[in-house]
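Colleague: Respectively, the protein sequence lines represent chains R and V. Here our numbering is used: the first residue of the first sequence is 3, the next is one more, and so on. Here our numbering is used: the first residue of the second sequence is -18, the next is one more, and so on.
Keep in mind the hints are simulated off the structure, nothing from the lab. These numbers come from a predicted model, not from an experiment. Hints are supplied without guarantee of correctness; some may be wrong.
To be verified - Simulated coverage check for chain R against chain V, where a stretch passes if three residues somewhere in it have a Cβ under 8 Å from a Cβ of chain V:
1) 17 to 25
2) 65 to 74
What the hints assert, rightly or not - Taking lysine-lysine pairs in the DSBU-like style, the calculated list, with each CA pair at most 30 Å apart, reads:
3) R/K57 / R/K68
4) V/K32 / V/K51
5) R/K57 / R/K22
6) R/K44 / R/K16
7) R/K68 / R/K16
8) R/K57 / R/K16
9) R/K43 / V/K83
10) R/K57 / V/K83
11) V/K51 / R/K68
12) R/K44 / V/K83
13) R/K22 / R/K44
14) R/K16 / R/K66
15) R/K43 / R/K22
16) V/K51 / R/K43
17) R/K22 / R/K66
18) R/K22 / V/K32
19) R/K43 / R/K66
20) V/K51 / V/K83
21) V/K83 / V/K32
22) R/K57 / R/K44
23) R/K66 / R/K44
24) V/K51 / R/K44
25) R/K66 / V/K83
26) R/K43 / R/K68
27) R/K44 / V/K32
28) R/K44 / R/K68
29) R/K68 / R/K22
Claimed, not checked - Ranges between beta-carbon positions, derived for each pair:
30) R/K16 / V/E(-4): 41 to 51 Å
31) V/Q(-5) / R/E65: 18 to 28 Å
32) V/I48 / R/E54: 19 to 29 Å
33) V/I(-6) / R/P42: 16 to 26 Å
34) V/N(-14) / R/F41: 35 to 45 Å
35) V/A33 / R/S17: 31 to 41 Å
Think of the CB as a built atom: it goes at the ideal place given N, C-alpha and C, for glycine as much as any other residue.
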Amino acid sequence: GAVVSQHPSRVICKSGTSVKIECRSLDFQATTMFWYRQFPKKSLMLMATSNEGSKATYEQGVEKDKFLINHASLTLSTLTVTSAHPEDSSFYICSATGQGDTGELFFGEGSRLTVL
Amino acid sequence: GQQLNQSPQSMFIQEGEDVSMNCTSSSIFNTWLWYKQDPGEGPVLLIALYKAGELTSNGRLTAQFGITRKDSFLNISASIPSDVGIYFCAGSNSGYALNFGKGTSLLVTP
C-alpha cells in the first residue's frame, strides 16, 4: 500500500513553545491530507482536512489558531501546535488520500506529543 | 464526523480461536475499511470494501460490506498472538474523511 511518513514520532516540549509535525506521502501525490488526534484508548478524532494549496478546513471545536496546518505541496503537510499546553499532549496522526479517490486512507506512524 | 457503533469493545480469546467484530451506522457509506492499530503506531489498513454485499479476504481475515451499506463485519480465523491490537472500522464516502468506530481491543493468549 501507499506509504505515509510522519516526523517526529515522539516529541517532548515545554509549555508555551510551538511544535511542528510533518506528514509526507512517500510514493504518491496526496491531494488531500487529514489530521487526527487520538487520546489514550480512544478512537481517532478528525481535527482538520487540508487540500494542497488551499486553507485547511477545521472540525468544530478545533482552534485553527492553535493548530496551524500547512499543505504547501502534494507530498507534505505540516501541523504546528502553537503555544503548547499540557492538555495538548496527545497522539497526532496524519493520513492521506491519493489521486483516484478510492476512499482509502493511508496513515502515518503517528506523533506522540508530551507537553511539560 | 459521525461515530460508528463498533462491537464488541474488547475481546479476550485463546490462540486458535476465531474472532468476529462488527460495525453499524445510521448512515450509508460507499466504502468500508478495517484498520489495525498497534500501541504507539498509526492505523494500518487491513481490508477495504467498495461494494454492498462484497466479501473480501486477506489471509486469515475476512470482511463483508453489508447489503444495506450501513454495516460491516470482520472475522479473524485461527487467531495468533500477533493479532493483538485495536481494530477500527471506518466508513467513507468518496473524497471525505473517515468516520471511525470506537475500536475493538483484541487480546490473544497463547
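Colleague: Give a verdict on every hint.
Modeller: Going down the list of hints, with the structure as the test:
no.: 1; hint: 17 to 25; verdict: violated (count 0)
no.: 2; hint: 65 to 74; verdict: violated (count 0)
no.: 3; hint: R/K57 / R/K68; verdict: holds, 15 Å
no.: 4; hint: V/K32 / V/K51; verdict: holds, 12 Å
no.: 5; hint: R/K57 / R/K22; verdict: holds, 17 Å
no.: 6; hint: R/K44 / R/K16; verdict: holds, 25 Å
no.: 7; hint: R/K68 / R/K16; verdict: holds, 16 Å
no.: 8; hint: R/K57 / R/K16; verdict: holds, 28 Å
no.: 9; hint: R/K43 / V/K83; verdict: holds, 9 Å
no.: 10; hint: R/K57 / V/K83; verdict: holds, 29 Å
no.: 11; hint: V/K51 / R/K68; verdict: violated, 35 Å
no.: 12; hint: R/K44 / V/K83; verdict: holds, 6 Å
no.: 13; hint: R/K22 / R/K44; verdict: holds, 23 Å
no.: 14; hint: R/K16 / R/K66; verdict: holds, 21 Å
no.: 15; hint: R/K43 / R/K22; verdict: holds, 24 Å
no.: 16; hint: V/K51 / R/K43; verdict: holds, 25 Å
no.: 17; hint: R/K22 / R/K66; verdict: holds, 14 Å
no.: 18; hint: R/K22 / V/K32; verdict: violated, 39 Å
no.: 19; hint: R/K43 / R/K66; verdict: holds, 25 Å
no.: 20; hint: V/K51 / V/K83; verdict: holds, 16 Å
no.: 21; hint: V/K83 / V/K32; verdict: holds, 23 Å
no.: 22; hint: R/K57 / R/K44; verdict: holds, 28 Å
no.: 23; hint: R/K66 / R/K44; verdict: holds, 23 Å
no.: 24; hint: V/K51 / R/K44; verdict: holds, 22 Å
no.: 25; hint: R/K66 / V/K83; verdict: holds, 25 Å
no.: 26; hint: R/K43 / R/K68; verdict: holds, 24 Å
no.: 27; hint: R/K44 / V/K32; verdict: holds, 28 Å
no.: 28; hint: R/K44 / R/K68; verdict: holds, 22 Å
no.: 29; hint: R/K68 / R/K22; verdict: holds, 12 Å
no.: 30; hint: R/K16 / V/E(-4): 41 to 51 Å; verdict: holds, 45 Å
no.: 31; hint: V/Q(-5) / R/E65: 18 to 28 Å; verdict: violated, 46 Å
no.: 32; hint: V/I48 / R/E54: 19 to 29 Å; verdict: violated, 37 Å
no.: 33; hint: V/I(-6) / R/P42: 16 to 26 Å; verdict: holds, 23 Å
no.: 34; hint: V/N(-14) / R/F41: 35 to 45 Å; verdict: violated, 19 Å
no.: 35; hint: V/A33 / R/S17: 31 to 41 Å; verdict: violated, 50 Å
When held up to the earlier numbered hints, the structure conflicts with 1, 2, 11, 18, 31, 32, 34, 35 and fits the remainder.
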